[in-house]
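Sequences and hints are given; from them, build the entire structure.
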Amino acid sequence: MKNIVFDHVKKAYGKTVIIKDLNLEILPGERLILLGPSGCGKSTTLRMIAGLEEISGGDLYMDGVRVNDVPCGKRGVSMVFQNYAIYPHMTVKDNITYGLRARHGDPKEIERRLKDALEMLRLEPYADRKPKDLSGGQRQRGALARAIVKQADYFLLDEPLSNLDAQLRLHARKELVRIHEKYHNTMIYVTHDQVEAMTVANRIALMNGGDLVMLDTPANVYNHPEDIFAAKFIGSPSMNIVEASCGDGVLAIGEGRLTLPQAWADLVRSHPAADGTYMAGIRPEHLFVSHEPQPGRTLQGVIKYRENYGSRTGVYVEPLGTDQELIILTDEPLPENGSTINFGLDFNKFHLFDKETQKTLGDPAAAEAV
Amino acid sequence: MLMTMFVPFTVTMIPNYLLISRIHLADNIWGVALPQLADVLGIFLIRQAMRGIPVSLIEAAKMEDISDRKIMTDIVLPLVKPAVISTGIIFFINSWNEYVWPVLILKTVDNYTLSLALQMFISSEGGTDFTVAMAVSVMTMSIPLILYIIFQRYIINTFASAGIKG
Numbered sequence: 000m001k002n003i004v005f006d007h008v009k010k011a012y013g014k015t016v017i018i019k020d021l022n023l024e025i026l027p028g029e030r031l032i033l034l035g036p037s038g039c040g041k042s043t044t045l046r047m048i049a050g051l052e053e054i055s056g057g058d059l060y061m062d063g064v065r066v067n068d069v070p071c072g073k074r075g076v077s078m079v080f081q082n083y084a085i086y087p088h089m090t091v092k093d094n095i096t097y098g099l100r101a102r103h104g105d106p107k108e109i110e111r112r113l114k115d116a117l118e119m120l121r122l123e124p125y126a127d128r129k130p131k132d133l134s135g136g137q138r139q140r141g142a143l144a145r146a147i148v149k150q151a152d153y154f155l156l157d158e159p160l161s162n163l164d165a166q167l168r169l170h171a172r173k174e175l176v177r178i179h180e181k182y183h184n185t186m187i188y189v190t191h192d193q194v195e196a197m198t199v200a201n202r203i204a205l206m207n208g209g210d211l212v213m214l215d216t217p218a219n220v221y222n223h224p225e226d227i228f229a230a231k232f233i234g235s236p237s238m239n240i241v242e243a244s245c246g247d248g249v250l251a252i253g254e255g256r257l258t259l260p261q262a263w264a265d266l267v268r269s270h271p272a273a274d275g276t277y278m279a280g281i282r283p284e285h286l287f288v289s290h291e292p293q294p295g296r297t298l299q300g301v302i303k304y305r306e307n308y309g310s311r312t313g314v315y316v317e318p319l320g321t322d323q324e325l326i327i328l329t330d331e332p333l334p335e336n337g338s339t340i341n342f343g344l345d346f347n348k349f350h351l352f353d354k355e356t357q358k359t360l361g362d363p364a365a366a367e368a369v
Numbered sequence: 000m001l002m003t004m005f006v007p008f009t010v011t012m013i014p015n016y017l018l019i020s021r022i023h024l025a026d027n028i029w030g031v032a033l034p035q036l037a038d039v040l041g042i043f044l045i046r047q048a049m050r051g052i053p054v055s056l057i058e059a060a061k062m063e064d065i066s067d068r069k070i071m072t073d074i075v076l077p078l079v080k081p082a083v084i085s086t087g088i089i090f091f092i093n094s095w096n097e098y099v100w101p102v103l104i105l106k107t108v109d110n111y112t113l114s115l116a117l118q119m120f121i122s123s124e125g126g127t128d129f130t131v132a133m134a135v136s137v138m139t140m141s142i143p144l145i146l147y148i149i150f151q152r153y154i155i156n157t158f159a160s161a162g163i164k165g
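If you're matching them up, the sequences are chains A and B in order.
Read left to right, the first sequence gives residues 0 to 369 (numbering that gives the first Met the number 0).
Read left to right, the second sequence gives residues 0 to 165 (numbering that gives the first Met the number 0).
Derived by calculation from the structure, the hints in this document are not laboratory data.
Possibly wrong hints are sitting among the right ones.
As the list claims (entries may be wrong) - With a Cα cut of at most 30 Å, we get these calculated BS3-like pairs of lysine-lysine: (1) Lys-114/A x Lys-106/B; (2) Lys-129/A x Lys-80/B; (3) Lys-114/A x Lys-129/A.
Keep in mind the model is a prediction, meaning the values are calculated, not measured.
In structure tokens, the structure reads:
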């Protein structure tokens, strides 16, 4: 079972603690993405798996074996670095086969693996070039090829696509998934790009400030975020989080009043807040614009700003009675900035968070089932 | 380490001479060479070149289970080759032209270096024999000049990059 288990792992540089208490299991053969803002500890976690960082506390198990003290060369891991780390003085071919040759592999086998890798990543015309004669995308494919030929059980990638332009990134993402489907090793990928995470991952490990915030499939992280941080991090534009009061079956944002569906009213009753205020979350794409006001269903707000994304428009709206701002993604025609519009939300895609703990109150459908 | 550069040669001249003669290397070319084998400037220049190598290259090699010795020979040395060559040329030219230290150590004319030999023809008793002096000068300067012309690109790049942090 080629899994990885972090058991109360702690990482500190002297007095500075980066990772306090990490408990994480990475399943064999899965594509796990470590996602989070800069400085959240995701690269550190990856480097601990690779063996490039010492583990300050706790235990790390790979395939059931405690590997805290195992040197990085002996862990059966291949890694792709953010800056590719291709040896500038060797050709692409030599770069790819360097590790295999250094370990005195069978020359025929090395040749075969090299050929497969070059073919898969379409690097055959560049095999004899030096890195300085290659473009960024070609170097990245070279680094990938070097990692693939090792045919290791664990495949680690540290923000491998962040130095590529947007078009190339799309293409490279697909390639990575294709490679994983072919070799089916355990792949751990670090990124701060949430679109990359959503499209590539089987599961996402969302980290913030050294803590694991949420570990779940992309769909669940998108549809059922555990806290406000997770809600805001995934999705572009990110989820609207506004202060709202709930009580007596009514959701109040500023001056507007919306009728709370029964399931939500019950949920609110079972999680009373001190002053009746919660943080309400709704994604821009789940708000709709209405031509007429519908009492109990729509709110009114003033358009402050708009952005054209091509397929839809993002409108920044200030609901009446509050200075908070909501973004609505819509393709309806809109009056100019400064006018008032009516908008409503889809309660099936609604979220409520506790103001103090920042955590979600849960899913009303689940509450109903109980 | 760099502080040793600030110690003037004249300070270490006499103790070094005493040491060399005690181990019976006076009047011997090795007596000239030995105290100059380790030089701070050389260490500094090569160190600067090595600092320009991205750590991820070393890490990538470590991940392939390559021994430190092999990392040094296969990855680090080829990448600092320009610095090594140019440091070598600089030091060669300096040693070639050196006068004070060899004149201290070497006694018999048979063991003289070229710079010492040149001195013999300048302001010697009987006046300066310009013809011979000129001939010896040209010979003495020809080798470093040729080496510099061949390797000047490396030399300039090394000194330029030691100033600019990569």
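Comparing the hints with the structure gives:
1. Note on Lys-114/A and Lys-106/B: the hinted pairing is violated, with a Cα-Cα distance of about 66 Å set against a maximum of 30 Å.
2. Between Lys-129/A and Lys-80/B the alpha-carbon distance is near 17 Å, which keeps this suggested pair within the 30 Å criterion.
3. Restraint check: the Cα-Cα separation between Lys-114/A and Lys-129/A comes to about 18 Å, which is no more than 30 Å; the hinted pair holds.
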